[in-house]
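Construct the complete structure from the given sequences, taking the supplied hints into account.
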Amino acid sequence: MKNKLWVLIAVVALVAVVSLTVVLSLSYFKGLSFPSAAGHF
Amino acid sequence: MFVYQLVSIELIVGVVLIGVLASRGKSIAERVVSLICVPLSFIVAFILAKLINVSMLGGVVDKFISSINGGADVTEETYPTLYGISKAAAVSIGKHILLTVTFLLLLCVFSIIVHLIFKSQENRESSTGKNAVCCVIGGVKYFLALMLSLLPLTMLLRVAKPVADYARQNQPKDTYAYELSEYIDDKILDPLENSVLAKVNKYSGVGFLLDTVSDSISTQNVTLTDKSTAKVNINDFLRRLVDDGLPVVSAYECFKHPTQHLLGDVSDLPRVMKDISSDKAMSCFVAELIASSSVGKTDDPIVDKFISAIKSGDPSTYSKTFETMGKVFETLIEKDPSVLLSSEDVVDLLIKSMKDKEFSEKISEALASSDVGSEIAYEITSKALDSVGDTIGVGGLNINMELFKQLFGEENVAKYAEILIKVSELIDELGGMGNITPDKVISKFDKVGALLDALAVFEGKADTSFEALTAIAKDASYAKYFAFIGAAEIIARYENNTSSFEQSFAMIRDHFTK
Numbered sequence: 001m002k003n004k005l006w007v008l009i010a011v012v013a014l015v016a017v018v019s020l021t022v023v024l025s026l027s028y029f030k031g032l033s034f035p036s037a038a039g040h041f
Numbered sequence: 001m002f003v004y005q006l007v008s009i010e011l012i013v014g015v016v017l018i019g020v021l022a023s024r025g026k027s028i029a030e031r032v033v034s035l036i037c038v039p040l041s042f043i044v045a046f047i048l049a050k051l052i053n054v055s056m057l058g059g060v061v062d063k064f065i066s067s068i069n070g071g072a073d074v075t076e077e078t079y080p081t082l083y084g085i086s087k088a089a090a091v092s093i094g095k096h097i098l099l100t101v102t103f104l105l106l107l108c109v110f111s112i113i114v115h116l117i118f119k120s121q122e123n124r125e126s127s128t129g130k131n132a133v134c135c136v137i138g139g140v141k142y143f144l145a146l147m148l149s150l151l152p153l154t155m156l157l158r159v160a161k162p163v164a165d166y167a168r169q170n171q172p173k174d175t176y177a178y179e180l181s182e183y184i185d186d187k188i189l190d191p192l193e194n195s196v197l198a199k200v201n202k203y204s205g206v207g208f209l210l211d212t213v214s215d216s217i218s219t220q221n222v223t224l225t226d227k228s229t230a231k232v233n234i235n236d237f238l239r240r241l242v243d244d245g246l247p248v249v250s251a252y253e254c255f256k257h258p259t260q261h262l263l264g265d266v267s268d269l270p271r272v273m274k275d276i277s278s279d280k281a282m283s284c285f286v287a288e289l290i291a292s293s294s295v296g297k298t299d300d301p302i303v304d305k306f307i308s309a310i311k312s313g314d315p316s317t318y319s320k321t322f323e324t325m326g327k328v329f330e331t332l333i334e335k336d337p338s339v340l341l342s343s344e345d346v347v348d349l350l351i352k353s354m355k356d357k358e359f360s361e362k363i364s365e366a367l368a369s370s371d372v373g374s375e376i377a378y379e380i381t382s383k384a385l386d387s388v389g390d391t392i393g394v395g396g397l398n399i400n401m402e403l404f405k406q407l408f409g410e411e412n413v414a415k416y417a418e419i420l421i422k423v424s425e426l427i428d429e430l431g432g433m434g435n436i437t438p439d440k441v442i443s444k445f446d447k448v449g450a451l452l453d454a455l456a457v458f459e460g461k462a463d464t465s466f467e468a469l470t471a472i473a474k475d476a477s478y479a480k481y482f483a484f485i486g487a488a489e490i491i492a493r494y495e496n497n498t499s500s501f502e503q504s505f506a507m508i509r510d511h512f513t514k
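Those protein sequences? They're chains A and B, same order as listed. Every letter in the first sequence is one number past the one before it in my numbering, and letter 39, counting from 1, is 39. Every letter in the second sequence is one number past the one before it in my numbering, and letter 438, counting from 1, is 438.
Misleading hints may appear alongside valid ones.
Said to hold, decoys possible - The calculated DSSO-like cross-link candidates involving lysine-lysine, where the alpha carbons are at most 30 Å apart (straight line), are: (1) A:30 - B:161; (2) B:119 - A:4; (3) B:87 - B:161.
As the list claims (entries may be wrong) - Over 12 Å on every C-beta distance to chain A, these chain B residues come out as not near it, computed from the model: (4) 17; (5) 28; (6) 50; (7) 137; (8) 153; (9) 169; (10) 170; (11) 181; (12) 182; (13) 188; (14) 215; (15) 268; (16) 335; (17) 368.
Because the hints were derived from the structure by calculation, they are not lab data. From the three backbone atoms N, C-alpha and C, an ideal C-beta is built for every residue, glycine too.
Set out below in structure tokens:
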């Protein structure tokens with residue numbers, strides 16, 4: 001019973017960390033806006 | 001950057017953790033053999049990557065090259081070097097990805113085989129202490145596999161990072177290429193290079209190994225424009241291409257607005273031109289890029305002359321052409337970087353500086369070294385003589401530059417210096433540009449004659465197609481003929497057409513032949 005609780009905590013922590021990473025990465029790369037080439041060539 | 005560090009740490013910790021967990025309950029022997037599978041898989045994958053040419057990103061690279069050159073049809077027949085390099089770059093990127101994927105697949109296969117062999121022998125040892133050692137070995141195996149999988153990242157950083165650093169050090173504000181590379185450096189390359197993952201890779205020594213492997217699989221044979229082949233290291237080539245390309249794009253923007261920029265603003269051009277000329281593959285590639293490009297028409301006749309010379313030039317002269325341009329710019333920038341970039345001002349600087357013996361020798365030597373140099377020399381000489389004529393007020397000395405070219409030949413380009421020196425001396429004697437009046441011209445008529453006499457240096461280069469012209473002044477040399485034309489026109493215009501051109505011509509002829 002105690003082992004199962006640890007596994008549950010580990011899985012929840014893992015899912016939380018991975019979700020946080022995915023959300024942060026997506027918002028970071030979505031926020032990138034490359035300079036426009038208009039008017040240069 | 002937070003996101004990069006977070007992902008890096010998660011990757012390293014996660015992968016090592018999986019390695020540790022996967023090793024539980026297995027024997028040391030099995031784990032050690034399994035660990036050996038990592039370098040073994042990498043070596044086999046490396047050999048396969050050396051043997052197989054795979055262009056996984058061929059289409060993307062082709063599209064990229066096509067988008068640069070404005071839609072001209074780049075094929076193996078029309079632009080062999082351009083086509084060859086883009087293919088080689090695609091193959092090189094493909095090989096990096098292929099090697100990494102093959103390595104991971106082989107590692108899985110080898111690990112499974114090792115596991116099955118040990119399982120069938122049923123010789124596991126399961127004491128707790130030994131298990132801990134197994135877990136460490138397992139963790140090291142997975143860590144090593146992760147590090148070796150970073151080969152594509154190594155290539156990206158090796159090619160792009162030096163370029164981005166270069167852009168950071170030289171930051172003209174009005175260039176898109178610089179803005180873009182700085183942005184990419186800030187947002188992607190810099191945080192990537194400073195991430196825990198890249199640092200661990202570098203300091204574990206695997207980074208050095210990956211650099212060597214990346215260089216080895218990036219070296220390929222490319223067929224050049226003149227059908228010869230050259231060994232090209234695509235990593236170096238791409239890095240140099242962008243490294244040289246940024247200043248060229250910057251210079252191009254300056255040439256588009258020559259009255260807003262100084263010679264000093266393109267101070268990097270001599271280095272770039274010399275760099276391009278030092279490598280045959282690079283010379284052919286850049287020349288083909290210019291030739292295939294719809295971009296490249298400026299308002300500057302001398303720059304346009306260079307571009308058209310490239311477009312119509314013989315491939316074997318490409319290196320010489322870039323070398324010439326490098327020398328010309330270097331000499332001019334050394335002389336006075338504060339002059340405006342426009343042809344008018346540059347030619348003015350040239351004329352004024354011709355009396356400096358060292359300068360005139362340098363520039364003549366540079367111009368004489370290639371066909372494009374002679375083309376530019378004609379252009380400069382023509383402009384110089386025109387500007388004298390304009391200043392005098394006769395709308396140019398009316399010298400036909402086509403005749404000029406055919407009479408003097410390309411091998412005599414260095415001697416244009418003598419004409420330019422005479423022009424320079426004449427302008428000084430007449431009181432400097434802007435102060436010249438027809439009266440002064442007449443008073444210094446011998447000097448005008450001396451200028452045109454300088455053309456006599458080239459006597460004997462006559463072409464039979466000029467028979468009709470020589471008939472007019474058969475008792476004079478061709479050089480004198482030019483003198484007649486020029487001087488006659490000066491007098492005819494000065495006297496407000498009261499005397500006809502023919503009368504003036506006869507008068508001048510008498511002056512020279514008496």
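Next item on the list: Would you list, in rising numerical order, the hints stated earlier that this structure does not obey?
Entry: 4, 11, 12, 13
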